[in-house]
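Chains as they are written, first to last, in our numbering: chain A, 1 to 795; chain B, 1001 to 1234.
Just to be clear, a hint being listed does not mean it is correct.
[Claimed, not checked] Examples of chain B residues lying across from chain A (beta carbon under 10 Å, computed): (1) THR1046; (2) LEU1048; (3) THR1049; (4) GLY1052; (5) LEU1054; (6) GLN1090; (7) ASN1091; (8) ASN1096; (9) LEU1098; (10) GLU1102; (11) ASN1103; (12) LEU1106; (13) MET1111; (14) LEU1164; (15) ASP1166.
Keep in mind that the hints were calculated from the coordinates and are not lab data.
None of the values given here were measured: they were computed from a predicted structure.
Idealized CB from N, CA, C, for every residue including glycine.
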Amino acid sequence: MFRSYLKTIFRNISGSKVYFFINVAGLCIGFTIFTLIMLYVLNELSYDTFNTKADRIYRVVELQKSPGGQVQRVAITMPALAPALKREFPGIESAARFVLWPTVLCHYGEKRFYEHGLSFADSSIFDIFTFHFVAGSPSTALDSPYQIVIDQAAARRYFGDVEPIGKFITVETDFGKNVFQVTGVIQDFPRNSHLSFEMIASLSTLQKKYSPFIGWAVNDVVTYVLFRRESKEKTVEGALPAFLATYLPVNLWKGLEIYLQPLKDIHLYSGQILYQMNHNKGSIDTVRLFSLIAFFVIFLACINFINLTTARSVIRSREVGIRKLLGSYHSHLVYQFIGESIVISLVGLLLSLPLVEAILPTFNSVMQGRIIISYNNQTPFLLGMFLVAVMVGLIAGIYPAFYLSSFRPADLLKGRFASSTRGLFLRKVLIGLQFLIAVGLVTATCVVVGQMDYLNTKPLGFDEHDLMYIPLHDIQSRERVPLLSERMLENPSVISVSAGELTGSGPTQGEVSVMGANGPARLMVRKSYVGYRYIKTMKMKIARGGEFSRDTPSDSNSVVINETMARLLGWANPIGHKIKMIGTGRTFSVAGVVKDFNYFSLRNRIDPLVMWLDPGRCPYLLIRTTSKDRQATISFIRNTWRSVLPNHPFEFGFLSDYLNKQYGNEREDEHLLILFSLVAVFVACLGLFGLTLHTTEQRIKEIGIRKVVGASLTDIVLMLSKETMKLVAVACLLAWPVTYFFMDRWIEGFAYRIDLSPLIFLLSGFLVFVIAILTLSFQVINAGLSNPADALRYE
Amino acid sequence: MIRLYNLKKVYRTDQVETIAIANANLRIDPGEFVAITGPSGSGKTTLLTILGLLDNPTEGQYYFLGEDVSKLSEKRRADLRRKNIGFVFQNFNLINQLTVYENIELPLLHMGVASLQRKEMVMAVMDKLRITTRRNHYPQQLSGGQQQRVAVARAVVGNQRLILADEPTGNLDSRNGEEVMELLGKLNEEGATVVMVTHSTEYARWAIRAVQLFDGHVTNENILEGMRSVSELS
Ligand SMILES: Nc1ncnc2c1ncn2[C@@H]1O[C@H](COP(=O)(O)OP(=O)(O)OP(=O)(O)O)[C@@H](O)[C@H]1O
Ligand SMILES: [Mg+2]
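Work out the full structure, taking the sequences as your base and the hints as a guide.
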């Protein structure tokens, strides 16, 4: 019996290959996209979950209210906070501080490497996060200053096969050359962690060597706390204001609050938090958007299946009638059809696996290696996909199954078969839904592209083109800046040279206390150490006052602030106002105001900024060149560098490339969004194509008759495409408000944004319209051109 | 075999109510060959769907093999149909995706007959109807007459006792029509009860008894004395 069903199924398939292909292809594409996106989503959701105490770990976030009424959330807090929290709250089992250090040069014997992953932490960090020690003991590894724990990769890098414990690594930081003893080796830390631990030195080193990192004055560490199993973080949260009040001077805690952010939220829900030391930032919006697309693509494929199966049912109704006539039960037929659709769905899944295999490496490199979950050795994942495929088969099959098996054998006698008006309404609704999703996705994509394009072309406030940078990793190289600039400026291709920071580079921040227009204020600001002619070299604009100059000796007591800072403090004319640096206690006066520029991506708001003249702390040499003959200029600069600093490796880059990298994730997300939307629209088109093929096939006789009685090609084409066009129109009207609502919210997240003009919506509606017409046109025109005589002979 | 008491069938569509059969009383005994005649729209096909347990009557009783089947569930009707009734249609209604052999085998599959026995039964009936050479052909590759013979084979392969035919000759030329009628006659002689709807008085004469329908009423029952007489039967 079963064999007989299979026979009809297979012969049906071979009799209507196009339709089978459309169904399987749609599902296959759907599963491919779905699998890829699920890998990405699971990966994002997996962040930090490997920590065995994950649900008890929190990060302390500080809320700062500026006098201007703005609120900023910052992830860095005062160094004294962690010990005080542990002391005050018995529910807190452990607290630890963490600082990610800027790139440093490390060496052991002849081996020298620039390290991007050096951090300083309390040894309690090992109690909180889950580390696997290969050598050394977590309880004593970071006990005293000048101790360092390294991961296995670093151990191999510096020591090869030699036992690392007890060896000394030299680290050249901006507070001098320091020697650290290796006291522990850990297994490489999982990459799906918001923190990266490659080399961890004892925080006490900093406290000894470097004035901050003690007390309540400056925010410069990230604080993590671990709660005891039985205690509730809620009770602590309520007591935090009182806690701050007892520790901080009155004028300090007024504008401050702290709260606890659960570890599991850090990776995805920290969009609003500044000064983080995360090494990979995720976004829950992206996760949601991609999940939605994954769902849509599968859903579109399901709709194709439902539509084609019910439409094609005319062909199968006779079989159903006869089987029932011969005594098949209704329920058996339902099972048969559902089984059939599950099989088709599984075939789709099966075909998608090699496709995923093929695309995954590219996808992952586009995602910058963010995906570390592999799927083929993950039985649960494959099992999950199998279940999804069965579910999809079930969902796609259930309506067609009942629809098909409802054909009554009595109709066989009447010789009239499933007039295709049955289920026609549902088909229309489903196609409408497909168009709706298509219009929604295309509109959303247009908005995203428009917004990104706007961000890419909007002036940043400085000129990132033709600006070369060379890292200055140590004091020696920084001391040579004047000589280097002098030599380089001898070449006419070099326009201007300065030491300074790269816009968009690491989180340097500080706190200042000032007398604002409405009273005293404590404000967290971006700190920028710059050299002479920095503003000129970057081609930033001065709004008031002037830039630091060698001719003004008092400049070491001056700062330049940005317009945002002036606005926040309510200063109409900031020149001459005093700014006190918390921590060092030094006071500076404002000498100039630079026009706002964007040092991070344009997604971010511009924060208050203070520029200090301190060439000795500038981590980069910036060189503005002409755009002509770049190669010659580069080799000139290289030779100059080598002649001045023969023992320093020459590294360089261009600011525009660097900024592009900063935009990286967003750009990749944008490209993927475009790609996925296109795929989704393509799947919808597949269905439309199949359905049109079917209707024209079914109406071939009608078309013939119409032509015989005088219909023109245009009449026929209009007749066949009118319905679709109406559906597109309705879909547009329904999709636009929904899309507007969501895209309006999305675009809110940008500091600079485009207007959601009706043009975008009209354009995307038009696009879908054109795509639909193109999908239809081939068959419809073919039908219109066919010889009516052939059509009428066709029975 | 068949008893109808005050049988009524009403079709309800949106606004219209059509009385397809009004108050039919009928008795058909085992071994009979009954022709149902009447003008178009008189309810012949409707009567056949009820006799064939494809549909329930609106009112009245239908006794099939002594059992009241007028209110049976679809499932029970499917069971009875499978064992006892074979159908032959004007438009053959073979499954295009199955070969001749597979089409004929179909009812046996539904009856759950074991495979070896199935093969025997199919071969026997194909032999009898002279279609063995066509066993691996698909319906589209056959002439109308051949297709109808396959349909007849399918109707009787499981030794169904009642054969219902709705204008079995309607799509055939006279030579093929004759042939199919001969077949039905032969099967009837071998013991099958045959109920056949036909427009043609010519073919009606193959039957022993004719039931005439007019506007859903049984208007006339004649014992026919055509090709075969009652005496011939006994
Ligand atoms: N499914 C149905 N729904 C509504 N009305 C129906 C249905 N089937 C049949 N009828 C109506 O019932 C009446 C009897 O139809 P039926 O098909 O039994 O006639 P018939 O005698 O077989 O006609 P013909 O000789 O043309 O085949 C007709 O008026 C028909 O319109
Ligand atoms: Mg009829």
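Results of checking the hints against the structure:
1. THR1046: 9 Å, holds
2. LEU1048: Check passed: Cβ of LEU1048/B comes within 6 Å of chain A, closer than 10 Å.
3. THR1049: Holds: closest Cβ of chain A sits about 4 Å from THR1049/B, inside 10 Å.
4. GLY1052: It holds, given that the least Cβ distance between GLY1052/B and chain A is near 8 Å, below 10 Å.
5. LEU1054: Since chain A brings a Cβ to about 4 Å from LEU1054/B, closer than 10 Å, the hint holds.
6. GLN1090: 7 Å, holds
7. ASN1091: Interface hint status for ASN1091/B: holds (5 Å vs cutoff 10 Å).
8. ASN1096: Nearest chain A Cβ about 8 Å off; hint holds.
9. LEU1098: 6 Å, holds
10. GLU1102: 7 Å, holds
11. ASN1103: Hint holds; ASN1103/B Cβ to chain A Cβ min 9 Å, cut 10 Å.
12. LEU1106: Interface hint status for LEU1106/B: holds (6 Å vs cutoff 10 Å).
13. MET1111: The hint holds - MET1111/B has a Cβ within 10 Å of chain A, the shortest such distance being about 7 Å.
14. LEU1164: 9 Å, holds
15. ASP1166: Holds: closest Cβ of chain A sits about 5 Å from ASP1166/B, inside 10 Å.
Checked against the numbered hints given earlier, the structure satisfies every one of them.
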